Amino acid sequence: MKVAITSSDTQKFTKNTNYTVSEIASRSIVSLLSKSKIQKAEVDGLIVSSNSFEPYLSNIVSEMVGLKPKFSTKVENLCNSGTSGILLAYSLIRSGICKAVLVTGVEKQDSPGNKLIWDISRGIYDMPVHWASLYANNHFQKFGTREKDLALISLKNHRNANKNPNAIFFDKTFTFSQIIGAVEVAAPLRKFDCCYPCEGVSSVLLVSEDLSVKFEQPIWIVGISQSNQGASIATITDNLDGILSTRIAAKEAFRQADLVPSDIDIAELHDAFSILEIIAYEDIGFVSKGDGKKMYKKHRPFTNKRGGLLGCGHPIGATGIDQTNEIVLQLQGLAGQRQVANANIGLVHNMAAAGTSTTIIILQK
Amino acid sequence: MNLFDSVLEIAKGGELVSSYCEKCEKYVWPPKYYCNYCNSKVLFKIVKREGRILAKGYSNIPGKKGIFAVGEFNGIRIIGTIKDKMMVGESIIMQEIRVTNGRLDIIFVSSST
Ligand SMILES: [Zn+2]
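Line by line, the protein sequences give chains A and B. Going by the working numbering, 127 is the number at position 127 of the first sequence; the sequence numbering is gapless. With positions in the second sequence counted from 1, the corresponding number in the working numbering is that position plus 365.
To be clear, the hints were calculated from the coordinates, so they are not data collected in a lab. Treat the hints with caution; some may be incorrect.
Below, simulated BS3-like cross-link-like pairs (lysine-lysine); rule was C-alpha separation at most 25 Å, straight line [what the hints assert, rightly or not]:
#1 A:191 / A:142
#2 A:12 / A:163
#3 A:214 / A:70
#4 A:148 / A:297
#5 B:377 / A:148
#6 A:191 / B:430
#7 A:68 / A:115
#8 B:397 / A:142
#9 B:429 / A:115
#10 A:289 / A:251
#11 B:410 / A:115
#12 A:142 / B:448
#13 A:115 / A:35
#14 A:2 / A:163
#15 A:191 / A:294
#16 A:115 / B:388
#17 A:115 / B:413
#18 B:429 / A:191
#19 A:214 / A:142
#20 B:430 / B:406
#21 A:70 / A:115
#22 B:413 / B:388
Just some of the chain A residues that point at chain B, by a computed CB distance under 10 Å [stated by the list, open to error]:
#23 20
#24 121
#25 122
#26 134
#27 186
#28 238
This structure is a prediction, so every number in the text was calculated from the model and none was measured. Glycine residues also receive a C-beta, built at the ideal position from the N, C-alpha and C atoms.
Start from the sequences, fold in the hints, and give me the full structure.
Structure representation (structure tokens):
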């Protein structure tokens, strides 16, 4: 039983509003339902991906939008929540339990997921930018990556966001010198090397192969895998050259899809910090270890055309969903002014907490 | 008292403890009730202060400014504050162990000073 993504919706990412998570989620679900050929009665699964503490969230959302699904739950997996929700939806369809599962990622700007309090081994340096600084310093020292390389990633993603009306930095333009001269947050990372936590919502509809015939452009999930290596910085700091969970998840997703990294036309990468995009290039296998900084010379794959987390903002539970939506739209040819030519195969890379977990999804037309 | 609170309480007295498995002769960190390797019950044991720097980072965040490092001590890895001149791979000791705003706040110094 193959699984397709047929419909998607993202609402504009914003700073905090007075709306509750269930109100924000409803807006996107109603928007998706109104654009899609799916009937409400056909939706037999609803998964809400969020770091919100709101109990019974997915059933509140179900009631608010008038769904009575066979299966409904909230999924929380820090920044990796969105694609965890998609992996669960995929499994429900593959198993035959459900035929049409909506996955909605939703987050408030002041989400409890912005920081992992649990990790005692981080000491007083307990912000995400601190572990990102460790990765960056290691990469600079071992592989000769420089501040210029980070600034080029940030510049590219912010420019891409200028073509994405849902991005929080849609109408903000930055120059290379503004980026490389910005205030230092955790050296070598500066202000625009770091994503901006925000409010946002994004939804996708996954359907079974038999139900997919009523949709015009189903996009197939041909590889989907996750790796979880623990939760603390202590578990991953024996080697900061790369991110083990990304390497494991990517290898398995490529195996399922019977594809190799050079087959990928377009990728959405988890650039919570600019250095992470460089490391992701290497660990997914687009370039050799240490050569992430040379990716900009390659014509393919296109990367973070959505604007990435750097340009879009990072509504934690919604990020993985919106990354997936971007690949779906690109493969459907519906990405508007961001549309790339001849996109047949795309990849999503979504991760959490210093790279302790990663999900990779490979999608094909 | 939970495990982490116990570690912090002991750290207030200037010692770092971690879970330790007598059977595997290994520290288990972050602290746990059971050994990750053999599932035996584990007990707290003081972590030796001699270690080395695995990685370095910098923080300019108000209230958390400083140069920090991942230090490895008997196989456990933890972040502490260091002095500028110290390099990755260098031998260090935990000079001071304390608790600041509910977080472990450890000072690493070069073992040659
Ligand atoms: Zn043991």
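Checked hints:
1. A:191 / A:142: Cα-Cα ~24 Å, so holds.
2. A:12 / A:163: 13 Å, holds
3. A:214 / A:70: 21 Å, holds
4. A:148 / A:297: Within the cut-off at roughly 14 Å; holds.
5. B:377 / A:148: With a Cα-Cα distance of about 43 Å, the restraint between residue 377 (chain B) and residue 148 (chain A) is violated, given a limit of 25 Å.
6. A:191 / B:430: The hint holds at about 15 Å.
7. A:68 / A:115: Violated, at roughly 34 Å.
8. B:397 / A:142: 34 Å, violated
9. B:429 / A:115: Holds - the C-alpha atoms of residue 115 (chain A) and residue 429 (chain B) are around 15 Å apart, at most 25 Å.
10. A:289 / A:251: Measuring from Cα to Cα gives roughly 15 Å; hence the hint holds.
11. B:410 / A:115: Between residue 410 (chain B) and residue 115 (chain A) the Cα gap is close to 29 Å, so the pair fails against 25 Å, i.e. violated.
12. A:142 / B:448: 21 Å, holds
13. A:115 / A:35: 35 Å, violated
14. A:2 / A:163: Violated, because 33 Å separates the two Cα atoms, which is more than 25 Å.
15. A:191 / A:294: Holds, because 23 Å separates the two Cα atoms, which is no more than 25 Å.
16. A:115 / B:388: Given that 25 Å is the threshold and the Cα spacing comes to 35 Å, the pair is violated.
17. A:115 / B:413: 29 Å, violated
18. B:429 / A:191: Holds - the C-alpha atoms of residue 191 (chain A) and residue 429 (chain B) are around 16 Å apart, at most 25 Å.
19. A:214 / A:142: Status violated; Cα separation ~52 Å.
20. B:430 / B:406: Measuring from Cα to Cα gives roughly 38 Å; hence the hint is violated.
21. A:70 / A:115: At roughly 33 Å apart (the allowed maximum being 25 Å), residue 115 (chain A) and residue 70 (chain A) break the hint.
22. B:413 / B:388: 19 Å, holds
23. 20: 29 Å, violated
24. 121: Status holds, d = 5 Å.
25. 122: 5 Å, holds
26. 134: 4 Å, holds
27. 186: 5 Å, holds
28. 238: Since chain B brings a Cβ to about 7 Å from residue 238 (chain A), closer than 10 Å, the hint holds.
Violated hints, listed in ascending order, are 5, 7, 8, 11, 13, 14, 16, 17, 19, 20, 21 and 23; each of the other numbered hints is respected by the structure.
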